[in-house]
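Q: What follows is each chain in one-letter form.
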Amino acid sequence: MKLYRIAFRNVRRHRVRSLLSGSAISIAALSIVMLFALLAGMLDDMENNIKTYASGDVRIRTALYEADEMIDPMSAPVLGAGALLDQIDAMEEVEVAVPRITLNTVFQSDGVDHVALTTAVDFDRELEFQQLDEFLLGIDGGQLPEAGSSEMVMTRRIAEDIGLVEQTGDRFDKKNGAGYRYTGENRKATAYFMMNSGMQAKTLELAEIVHFPVGSLNGPALMMPIDTARKNLRRGDLASEILIRLKKGSDAELFTEKLEAMLAEQGRDELKVTPWFEVNTLVSLFAMAEVSYGVIAAVFFLLGSVVIVNTTIMVILERMKEIGTLGAMGLEGKQLVQLFFLEALYIGIAGSFIGVMLGIIFSVVLGVIGMDMGGAMEGVDLGVSTVIYPRLTWFSVVGVFFYSVIVAATATFIPSLRAGRIKPVEALRSI
Amino acid sequence: MNKKWMTALVLIFAAAMMLAAQSAEEIVNRMDREQKYETAKTSGSMFITDRFGTKQTDFLSWGNKGGDFLIEFTSAAEEGQKILRTGSVVYLFFPDAEDLMRLQGSSLKQGMMGSDISYEDMTEGNSTLDKYDAVKLDDIEIDGVDCWAVELTGKSRAVPYYRRIVYVEKATYLPKKEDYFSKSGKLLKELRVLEVKKVNGLWIITEMVIEDKLKKNSSTRLKMNSVQLNVPVNKNLFSVNNLMM
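Protein chains in written order, with the numbering used here: chain H, 1 to 431; chain F, 432 to 676.
Hints were generated in silico from the structure; no laboratory data involved. There's no promise every hint is true.
Covered stretches of chain H, as calculated for chain F (at least 3 residues, CB under 8 Å) [stated by the list, open to error]:
#	region
1	179-193
2	201-213
3	226-237
Subject to a maximum C-alpha distance of 16 Å in a straight line, what follows is the list of computed EDC-like cross-link-like pairs (lysine to aspartate or glutamate) [stated by the list, open to error]:
#	chain 1	residue 1	chain 2	residue 2
4	F	Lys629	F	Glu642
5	F	Lys646	H	Asp89
6	H	Lys2	H	Glu332
7	H	Lys258	H	Asp89
8	H	Lys231	F	Glu510
9	F	Lys617	F	Glu638
10	F	Lys644	F	Glu626
11	F	Lys647	F	Glu626
12	H	Lys321	H	Glu426
13	H	Lys188	F	Glu642
14	F	Lys601	F	Asp577
15	F	Lys567	F	Asp552
16	H	Lys188	F	Glu529
17	H	Lys231	F	Asp527
18	F	Lys654	F	Glu642
19	H	Lys272	H	Glu290
20	H	Lys188	H	Asp161
21	H	Lys188	F	Asp610
22	H	Lys423	H	Glu322
23	F	Lys540	H	Asp113
24	F	Lys608	F	Asp569
Backbone N, C-alpha and C fix where the C-beta goes; we use that ideal spot for every residue, glycine too.
Isolated chain H (complex conformation) (with noise of 0.2 Å):
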């Protein structure tokens, strides 16, 4: 008979141990690549965070503001901003541009001054730009400000600090505002910026909270409508920084040459175009969560190997009296080794089959529903949102299949070359 079906039959015939071996294979299969599809939706979460936050696809910003971030950007702004993005809105590749202005900002209350960082924002551009809508935290079923008004939305810590708002003892829902309300009808605060050139205040009313996906978003923060602060600062048409977004197809470095010309033709030579791979402390951000999910995922893959082959020769070697009978039937030592890998062939490929199957399933679903990782990313600023979507990619799919059925296949061949050495007479006697 030959090997290939006496494997197949021993496969058939020893159920709960090809059983227990498959298992072992499908649950390190399924491990890995639900660790892959992760891994790779933290890195698109980190993408769409940054592009969302910090950079859009590509940035406009003034040079000196550029290259060193801990400056105020009220000293180094973009000047003529709105003529600047009536330009930017007319190019073709354009979704849509956000102007913004940073300013660094203090509240008094109690006698105790509290720090806070400002975004003055185009609220109609925002909304298209990151759906803030989806944010606000509906404590009284507010409304993101309106154009030119006195209004402000703000993070729950900012607010709870100055005495806005407080905690109900209910617990936190951020989606319908439980576990906050206002402190009573005053719900103004004076917000005092500070800049390198001075200082302005603004008095401005609480609209809504606002909850960011990103923890890190979270801290003490408000954001307020740009023609406002503008009007407040009496410097005219400013922005700390453009974000744009590019419509999807659209390659951002080819963009980011073309903006270049365009500005370099009407003589904008303090301005600074960078797409968001290029923004400084984000690649290195970004760089660095790669690398470090890359010794994550390597980590998990060398774990599902030793389990592989763990079993796979724990198998082997506790069928030592079956050996000594197949050596007393004249099987010789070359075959034996055939008979083992064709037996953990079979085994490698039912189980990663099965491992990887259920890793795909898993996997669509979480990338449909999402994965909370909220309660495991608490205190943990790794730029990531707290809901993650897991997405499959044909190396967690593909590349773990093979991958676990040649770590089965091959982990047999040592111990089978040990076991085909040994006399039948020995083999039968260690029983």
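Fit chain F to the known structure of chain H by using the hints.
A: For chain F alone, kept in the frame of chain H given last:
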């Protein structure tokens, strides 16, 4: 020579010697007295220079001998902003704000309007010897002007600058130059008087420049365009209520 003439000569000589040999305390007290007026009303400009360029800020100010003052900014970017000092407290008023900002503690160390003059500098009174011990150093000539040099050391930690060296012009008893040091001896700021004028018979500083030695290319030039001394000033001007009006 007649004995009386001899005595007169000796007395004149002694007086001259006494003048020349004034103590550090006497110099400082006289310096403070020369800068104390019943009231003062000025208009002026600040030219604030940093690595991003120079910004001009114009203002009107009123002060009294008690040390209270009110500054109202008139240049476009800061129009309507006011600074009130009453007692040892500084209040900031902004036209778009419904509240006053009260500066205290470390917030007094901020530069006024982004200048090299801190709000804390503005809370310094005219009674220097209440806060500092004075020691006379060797006389010195600065920009061709004869000056006394007096070293001031803080009596407590409540002073903005632990050590100061003030160079007092002998002719006017006004500071010609002043250096400000930290406790470790690091030079923090340097003030130079560029112009003095006589108003109502009194010498006053009409132009000076302050450099922050901890920053590169950072200086503030203060120029008084007009100065009126001892004019009627409504004392209610220096009240918090008036600030909100």
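Q: Please go over all the hints and tell whether each is borne out by the structure.
A: Structure-based check of all given hints:
| no. | hint | in the structure |
| --- | --- | --- |
| 1 | 179-193 | holds (count 3) |
| 2 | 201-213 | holds (count 3) |
| 3 | 226-237 | holds (count 4) |
| 4 | F/Lys629 x F/Glu642 | 25 Å, violated |
| 5 | F/Lys646 x H/Asp89 | 41 Å, violated |
| 6 | H/Lys2 x H/Glu332 | 14 Å, holds |
| 7 | H/Lys258 x H/Asp89 | 14 Å, holds |
| 8 | H/Lys231 x F/Glu510 | 12 Å, holds |
| 9 | F/Lys617 x F/Glu638 | 26 Å, violated |
| 10 | F/Lys644 x F/Glu626 | 22 Å, violated |
| 11 | F/Lys647 x F/Glu626 | 25 Å, violated |
| 12 | H/Lys321 x H/Glu426 | 9 Å, holds |
| 13 | H/Lys188 x F/Glu642 | 39 Å, violated |
| 14 | F/Lys601 x F/Asp577 | 6 Å, holds |
| 15 | F/Lys567 x F/Asp552 | 23 Å, violated |
| 16 | H/Lys188 x F/Glu529 | 9 Å, holds |
| 17 | H/Lys231 x F/Asp527 | 10 Å, holds |
| 18 | F/Lys654 x F/Glu642 | 15 Å, holds |
| 19 | H/Lys272 x H/Glu290 | 27 Å, violated |
| 20 | H/Lys188 x H/Asp161 | 14 Å, holds |
| 21 | H/Lys188 x F/Asp610 | 44 Å, violated |
| 22 | H/Lys423 x H/Glu322 | 12 Å, holds |
| 23 | F/Lys540 x H/Asp113 | 14 Å, holds |
| 24 | F/Lys608 x F/Asp569 | 15 Å, holds |
Comparing the model with each earlier hint shows violations of hints 4, 5, 9, 10, 11, 13, 15, 19 and 21; every other hint is respected.
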